[in-house]
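K.L.:
Each chain, letter by letter, is given below.
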Amino acid sequence: DAGVIQSPRHEVTEMGQEVTLRCKPISGHDYLFWYRQTMMRGLELLIYFNNNVPIDDSGMPEDRFSAKMPNASFSTLKIQPSEPRDSAVYFCASSPRQGSTDTQYFGPGTRLTVL
Amino acid sequence: GQSLEQPSEVTAVEGAIVQINCTYQTSGFYGLSWYQQHDGGAPTFLSYNALDGLEETGRFSSFLSRSDSYGYLLLQELQMKDSASYFCAVRAPHSGGYQKVTFGTGTKLQVIP
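Protein chains in written order, with our numbering: chain U, 14 to 128; chain X, 11 to 123.
The hints are simulated quantities; they were obtained by calculation from the structure and are not laboratory data.
Please note that a few of the clues may not be correct.
If you only want the chain X side, here are some residues facing chain U, beta carbon under 8 Å, derived [to be verified]: (1) 53; (2) 55; (3) 93; (4) 97; (5) 110; (6) 111; (7) 113; (8) 115.
Note that this is a predicted model, so its numbers are computed, not measured.
Just so it is clear, CB atoms sit at the ideal spot from N, CA and C, and this is done for glycine as well.
Hey, can you work out the whole structure from these sequences and the hints?
P.N.:
So this is what it looks like as structure tokens:
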């Protein structure tokens, strides 16, 4: 398996622009997570899905952030409008199920810079 | 909610042993995980403890004491490539019968010659 795939790997945009980050989880995994990582705030869970349904979006910082999972093999995280404080590395992760080994498989991340 | 505490930085000598501690506060508890992240890379899973005791995987071991809300990651025979950040993460009950994983702030390990 190719692992979790994220695109783009790097994104540089200007304040006010719309940004869309994409994720393809590992086939057969039921859970998908979006994280944001910064030096100041560490690794923050933004939202997670189970079988394509959003379960907990309490970590989504503002209404400017939205996430969708239209099918089992694709998810997007959208920021509109973007702001410089959104600059971070955004990780997508997937997990086969709850409990047991608790393994989350992370994608390589998207490094977002908002100027 | 959940909160985790781990040291921000640890320095150790190549070939030595280092222990990275993690204490947590949760409403309910299912298990404690450890992840490794190299600079510029993604977190990768190392170990998971659901029950008290020591789990060993090669040079890495992880320990859990549920009664003390405490765990640690033990790295033996340190190598330069072990220089990375190490995160503990707790799995706990969440609304709707789901579970939620919360990550600690990470411990940056520097291995020196």
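K.L.:
Now, for every hint given, state plainly whether the structure supports it.
P.N.:
The hints, checked one at a time:
1. 53: Holds, because the Cβ-Cβ distance from residue 53 of chain X to chain U comes to roughly 5 Å (cut-off 8 Å).
2. 55: 5 Å, holds
3. 93: Status violated, d = 17 Å.
4. 97: With Cβ-Cβ at 7 Å, under 8 Å, it holds.
5. 110: 6 Å, holds
6. 111: OK, holds: residue 111 of chain X within 8 Å of chain U, min 7 Å.
7. 113: 5 Å, holds
8. 115: 4 Å, holds
Hint violations for this structure: number 3 only, all remaining hints satisfied.
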